[in-house]
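Residue numbers (my numbering), protein chains in the order written: chain G, 1 to 364; chain D, 1001 to 1364; chain A, 2001 to 2364; chain V, 3001 to 3364; chain B, 4001 to 4364.
It is worth saying that the hints were derived from the structure and are not from the lab.
None of the hints are false.
DSSO-like mimics (lysine-lysine), calculated; alpha carbons at most 27 Å apart, straight line:
| no. | chain 1 | residue 1 | chain 2 | residue 2 |
| --- | --- | --- | --- | --- |
| 1 | A | Lys2361 | D | Lys1361 |
| 2 | V | Lys3362 | A | Lys2362 |
| 3 | V | Lys3273 | B | Lys4114 |
| 4 | V | Lys3359 | B | Lys4214 |
| 5 | B | Lys4146 | V | Lys3257 |
| 6 | G | Lys361 | B | Lys4362 |
| 7 | A | Lys2257 | V | Lys3114 |
| 8 | G | Lys361 | D | Lys1362 |
| 9 | B | Lys4361 | G | Lys214 |
| 10 | B | Lys4362 | V | Lys3361 |
| 11 | D | Lys1146 | G | Lys257 |
| 12 | V | Lys3037 | A | Lys2273 |
Every value quoted in this text rests on a predicted model; they were computed, and no experiment measured them.
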Amino acid sequence: MNQKFRYIHFQGVFQVHEKYISVKSGYPPGVPIYIGKQEANNTTFSIIWYDDKNVQVLSHLDPDTIELHPDKKQITWIHVSGLRDIDQLNRFFSKLALHPLIIEDIFNTKGRAKIEDFNDSLFIVLEMVNSPEEEWYSQKINIIVKNGILISVSESGDPFSTIRERITHPNGKFRSNGIDYLMYSLVDLIVDSFFYALERIEESAETLEDKVLKNPNPEIVREIQSFRHDLITFRRQVWSLREVVMHLERSESVFLKDTTRVFMRDVYDHVIKITEDLDMHREMAEGIMEIYLSSISNRTNDIVRTLTVITVIFIPLTFITGIYGMNFTFLPGINDPDGHILIMSMMTFIASFMVILFKWKKWI
Amino acid sequence: MNQKFRYIHFQGVFQVHEKYISVKSGYPPGVPIYIGKQEANNTTFSIIWYDDKNVQVLSHLDPDTIELHPDKKQITWIHVSGLRDIDQLNRFFSKLALHPLIIEDIFNTKGRAKIEDFNDSLFIVLEMVNSPEEEWYSQKINIIVKNGILISVSESGDPFSTIRERITHPNGKFRSNGIDYLMYSLVDLIVDSFFYALERIEESAETLEDKVLKNPNPEIVREIQSFRHDLITFRRQVWSLREVVMHLERSESVFLKDTTRVFMRDVYDHVIKITEDLDMHREMAEGIMEIYLSSISNRTNDIVRTLTVITVIFIPLTFITGIYGMNFTFLPGINDPDGHILIMSMMTFIASFMVILFKWKKWI
Amino acid sequence: MNQKFRYIHFQGVFQVHEKYISVKSGYPPGVPIYIGKQEANNTTFSIIWYDDKNVQVLSHLDPDTIELHPDKKQITWIHVSGLRDIDQLNRFFSKLALHPLIIEDIFNTKGRAKIEDFNDSLFIVLEMVNSPEEEWYSQKINIIVKNGILISVSESGDPFSTIRERITHPNGKFRSNGIDYLMYSLVDLIVDSFFYALERIEESAETLEDKVLKNPNPEIVREIQSFRHDLITFRRQVWSLREVVMHLERSESVFLKDTTRVFMRDVYDHVIKITEDLDMHREMAEGIMEIYLSSISNRTNDIVRTLTVITVIFIPLTFITGIYGMNFTFLPGINDPDGHILIMSMMTFIASFMVILFKWKKWI
Amino acid sequence: MNQKFRYIHFQGVFQVHEKYISVKSGYPPGVPIYIGKQEANNTTFSIIWYDDKNVQVLSHLDPDTIELHPDKKQITWIHVSGLRDIDQLNRFFSKLALHPLIIEDIFNTKGRAKIEDFNDSLFIVLEMVNSPEEEWYSQKINIIVKNGILISVSESGDPFSTIRERITHPNGKFRSNGIDYLMYSLVDLIVDSFFYALERIEESAETLEDKVLKNPNPEIVREIQSFRHDLITFRRQVWSLREVVMHLERSESVFLKDTTRVFMRDVYDHVIKITEDLDMHREMAEGIMEIYLSSISNRTNDIVRTLTVITVIFIPLTFITGIYGMNFTFLPGINDPDGHILIMSMMTFIASFMVILFKWKKWI
Amino acid sequence: MNQKFRYIHFQGVFQVHEKYISVKSGYPPGVPIYIGKQEANNTTFSIIWYDDKNVQVLSHLDPDTIELHPDKKQITWIHVSGLRDIDQLNRFFSKLALHPLIIEDIFNTKGRAKIEDFNDSLFIVLEMVNSPEEEWYSQKINIIVKNGILISVSESGDPFSTIRERITHPNGKFRSNGIDYLMYSLVDLIVDSFFYALERIEESAETLEDKVLKNPNPEIVREIQSFRHDLITFRRQVWSLREVVMHLERSESVFLKDTTRVFMRDVYDHVIKITEDLDMHREMAEGIMEIYLSSISNRTNDIVRTLTVITVIFIPLTFITGIYGMNFTFLPGINDPDGHILIMSMMTFIASFMVILFKWKKWI
Ligand SMILES: [Mg+2]
Ligand SMILES: [Mg+2]
Ligand SMILES: [Mg+2]
Ligand SMILES: [Mg+2]
Ligand SMILES: [Mg+2]
Ligand SMILES: [Mg+2]
Ligand SMILES: [Mg+2]
Ligand SMILES: [Mg+2]
Ligand SMILES: [Mg+2]
Ligand SMILES: [Mg+2]
Ligand SMILES: [Mg+2]
Ligand SMILES: [Mg+2]
Ligand SMILES: [Mg+2]
Ligand SMILES: [Mg+2]
Ligand SMILES: [Mg+2]
Ligand SMILES: [Mg+2]
Ligand SMILES: [Mg+2]
Ligand SMILES: [Mg+2]
Ligand SMILES: [Mg+2]
Ligand SMILES: [Mg+2]
Ligand SMILES: [Mg+2]
Ligand SMILES: [Mg+2]
Ligand SMILES: [Mg+2]
Ligand SMILES: [Mg+2]
Ligand SMILES: [Mg+2]
Ligand SMILES: [Mg+2]
Ligand SMILES: [Mg+2]
Ligand SMILES: [Mg+2]
Ligand SMILES: [Mg+2]
Ligand SMILES: [Mg+2]
Ligand SMILES: [Mg+2]
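Using the sequences and the hints, build the whole thing.
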């Protein structure tokens, strides 16, 4: 962890990724440093203008050539994917006159989900889950609404393609709604992504419980701990989401019309459903480790019982053979030709007695 | 989990059931897709008109022929059972001009319990427990009040038959009350269904505790975990119920007259009683796993004690027989005709000593 | 659990007790069904009229002959004990014009503690602990204040005899106070009954802790679980009590004069003291099971140590005797007349070494 | 527990101590019965009058001769120590016209800490810790402010001697402050007494943790449980203290001037510090039992490993000696003069193999 | 713990450190006693005056010669490091007319983090983490804003050097902001220091989890407990920090301009992020001890299984050799030249059977 002061490099371009947010210590606020797990993806811009009659889509365009038409009646939605080209992005955000702290937050992929309502603009940060992958994977989504323009920023890919399809659909009613409905649709899709994750959590919990009940083995401890990690990570994301959506639904923001607010309440309903179901899975998962521990104890019990039964049956018998193996000149019955029959009957009796005793104690 | 966009199929009929709510991802809001554990039941409609003097009942009628008489002084109660015929139901709900989000919620049997108070209508979703079955089983009930009409929707069966009997009873005072009293009666019956479930939980808890105290065996772990599942599921249902009933009791809704509010408070009382008793059962159940674990430890203890007592008694004796089994030409007493008596007295003494020691240690 | 509709029996007399509240499912509200653990006790009525100068007591009177004098300046206190004679009680409560839901609550001995403040009457339900008995035992007390009359209802016995003595005491100052002071005195006595219970809990906790520290045995698990049951039951009762007394102290009710409110605050103080002390006992009790589990582990440890020490000492020795018991024609020293002395010295040495090793390891 | 009614003894003197508060059941409110763990100490009175110029101290005076000068400009502080002489105390408190409920509370040393703000007087009950003793020990302190007089009551001793010294100090600035500053100083000293207790808790926690990590033995369970008792008791006292001091700091009481309120906030700060540190110690202490349990498991593990290693090495060897100890006329190599060398090499090989195996498994 | 009254020494110089805050018991409020873990560091003063055009820095100056220019337009920032010279510091703080309670707090390095907003001055106490060290290490920072002067006090070192560099940087925009921006910058740097600590916690948690999953050994218990200590200490510091920053962000203080408040909200965001991440690490860490305990149980299981398998195979075999070692004149097959082959085949069969049984039971 390098504490050195790097003030003089502010003007430069930071393309390598910084893993830890502490790298910013000592910097003035608003410095756009990219913080992420791996290097940022290539930056691409796409734009869509629409009103109830027309719709126009442009992909992979040069942001420096984008003309922003706040006067136009059309709704403008610009989607930015990938945070690698910090210079270009900085120029673009500056044209929009965003507050330096918002720009800083966009480049910090490890920040908090949140909503900030300025008078002239709305800034939303949310996490979106990409569940089809094997590894738990999520990306930060930023949504800015300002001057009739909506800008969405994703770390990678094109997460909102279904909404673009709905906008461009010839008969769709989407285009007759305002920019707040577009914002709602993005948030709704983000919330829907959490349902995938929740269903995956549900499956994992059931699989794990099944395993631990049917075939508990030490490997499962690792899986339980890994599942716990997923639960904790997911829970934090869900609670951040809940807070933001609640804020949106209840806000007095001018950006949200009353007809759209009803839909926002529907989204909020979904988020609450997710938190409630998640809580159920958490409670159910809590018992799994306990079950595993009880199964180890049970197995030790089984093994020790076997050891005890066999040992306790044979030890007295072996003692008797020891007696008649002693080299004394005289031992009772030693010279009797049927002595060995007598003594072996006795041993059979002792063994039978032990077996009956253990049966009665339910040890065998 | 299929993420493909199915926008173009909205107009069609969805009769197969969708297990996961995530199937709706990417759809516009308000799309009526049936979400449920199994296929929906056949749809039937029944209607009842009543005022304090008259009552008229029609079963298995065709909803397209229902004439809604909002002007009439009579109260209209339409009960819909089964969600299979989505087309027919859609036509029916459209005639009532319900908000698309309400219609969507009716078809989602995995949604949240809730109450929504619009100015002209009241929408309630609740879970109702059907306890006589072996498996834990509950169904979603939707109640809509609008224009002097009450529509109740159940997933299956005829859960409100006792209320219909009370309405049609010749001397009953039911019919002299308003539509809010009808709504109260439905909610009251739903709450009563939870008492059955609570009593079942109570019995399970006592049975389980008894078993674990008297005859703990590994199979009980599975039962404890399954009981935990029931508790968690039930608790979530109860808390949703509590929230809705509390909202009803305190709401300023025009749908609730003051005389009926007193009855609503009584229902709320019952719900609180259920949550309190449930909490008691949960706390009591918490110790069961602990008791089971202590019983395993105790049994291992018992078994190891037996092993130790027998082994520790016989090992020194066997050692002595080993000494006199050695083939040395001379061993003390080996040629003495009474040597074996001496040595066996010694062994008896050692064994007795051990037994006394163990008695003193309270191991036997 | 019988779900059949029994509407037509409402007018009848229900003298058998119903164990489960779910029996009421499907009934209209306000039906007085007796819900209780066992059959209700015989019903008796007693009455007392007093003002600062005079006092008149009547026991075992016929309630149908009671003339209620709301105009009189005297305070009227009617105590009803036992809920068996539902018809008679119903007639009596009807004369007082009580709300059907209140009457229903009086007959439900498994309902919640609560307070309801109507404009013209106050209704209080509380549980009172009867601690001298062996088994945990409590009964529901109902208090109704209306038109200058106070009616108290107990399930059995005469729990308020000390207050009647104070009223009838020639020099007592009790009679110079109003009906609110009478109500306070009843509630105060109920709260005092919880002190007995608390002290009993305290003693049980100490006894249990002592046992588990000094002489832990498997039987104690049953006692711990039973103690837990008592704690949970008591806690719920205390919290209900707390809620009601808090409500009383803070209520704006016209039934409570300011001079009496000071005494109510004193009662509230006592209730809080009880909850705080109860919480302490709960926390202290939480460690008891843990101590028991640690004591089992310790004992297993002890036993296994003994087994190990004895086995590990004798096993190598027995092996040596085995070697010299082999029937080879030649074994080193086997024919030496002092061979056995040499070999037994060796064995003594090995045994001593083992003993020293174990001493060093602090196993013996 | 004696439930008999003792109303007629109220006028008498109660000098024996009552252990349980439930003894008051059935009594009217305000009866001064001494409740305490042991008999009350002898009662002594001391008085101090001061203003910024003069100070006068009287010890061991007769309270019946105390003339209270409410008109005087001087501040009067009366300290009462010991609650044995109930008659004398009662006469004294009556002269001050204290409410009977306050007098009752003063005699109850097992009551709650609290503050009551009447219009003309302030009543504070707090617990003060006397930490130098071996046993945890605390006493109830009562502070009453009325008519320019401050009365403090302690169960025993002279806990406020340092404040008296500061008042009588020739150059001290204490006397230039009002009666609220005197009250603050008493509360501050009480809070400071909790720092001693906290530091003692801290030391105990560290000692216990050290012991359990370095030399865990069964005796420690008793110490852990006893430490838990101390923590719980202390925590309750601290939280009562916190509530009272918070109330004092925020109260709108006329008894507290603004300049003194700043000091009160400082005291409140200290109390919060104590609760926070206490919470830290509690959390740290929580792991101690867990560590102890893991150390027992580890020791059992060690012992069983030793048993296993020795047994598993010698059992096959002993079996081989058994084979050659059989009395068959022919056994392979039995008559070979070097047979025993061959067989013992084999045994050495087996033993070495076992040792290497155990080394590899890291069991030895 | 010395309870003696040391009032007369107040005027003296206290240079030795007092470890426990309880040493202050009995003192009047506002006495500046140095409370710390070790002796205080040497005191040094540095000062910086700046406005948007000019900047002047003076280090290691004599505080008695500092002229405070409240009239000047320039911002004055005085940094004090080290609390040893109590006399000099006292003179300096007196010149600033600080409240005695503030001065007392500055000398108490074991006090609480807090913020106090007087009308004319703002007083902030915060802890700052110095993470590069091996041992967890933090120091108290005091910030006072009064009359256009900001005084910062640190226990040691020069924690704010990066801010001084930014102020003195020729092109920096820092100097165009007010004194509230300077205060914000200090708080921001303190918050950033917690990111270092958080990242360290994160690494420790991962390392510990790895160890316990891959190579659990008894030493890890000590590490887990030590990690728990760090977590608890850090958490308390973070929560104190959170409270103070929240207070700052929401305060109506005249010291905070609206443009700076936006930056304060950014800092608050960071603090919440820290608390959330810390909570995640805590939850993840909670399972570690559990995993360790399960691994001990597993190992005991392994060992006992080995013991059982070997013992149970050889005990019956050894019993058979015992039978044929008995000195009876006749034993079946004893004189058969192939008897030993028969008997050893039988033993091989028994051993094979046992091995197959254990394979089937999955014990080997
Ligand atoms: Mg910074
Ligand atoms: Mg930010
Ligand atoms: Mg977050
Ligand atoms: Mg949605
Ligand atoms: Mg919905
Ligand atoms: Mg929930
Ligand atoms: Mg857990
Ligand atoms: Mg959708
Ligand atoms: Mg729900
Ligand atoms: Mg009901
Ligand atoms: Mg739940
Ligand atoms: Mg009721
Ligand atoms: Mg649990
Ligand atoms: Mg009913
Ligand atoms: Mg209750
Ligand atoms: Mg009382
Ligand atoms: Mg409870
Ligand atoms: Mg009191
Ligand atoms: Mg527990
Ligand atoms: Mg009383
Ligand atoms: Mg208290
Ligand atoms: Mg203090
Ligand atoms: Mg407590
Ligand atoms: Mg605990
Ligand atoms: Mg002090
Ligand atoms: Mg202070
Ligand atoms: Mg703090
Ligand atoms: Mg920062
Ligand atoms: Mg803490
Ligand atoms: Mg979390
Ligand atoms: Mg823990």
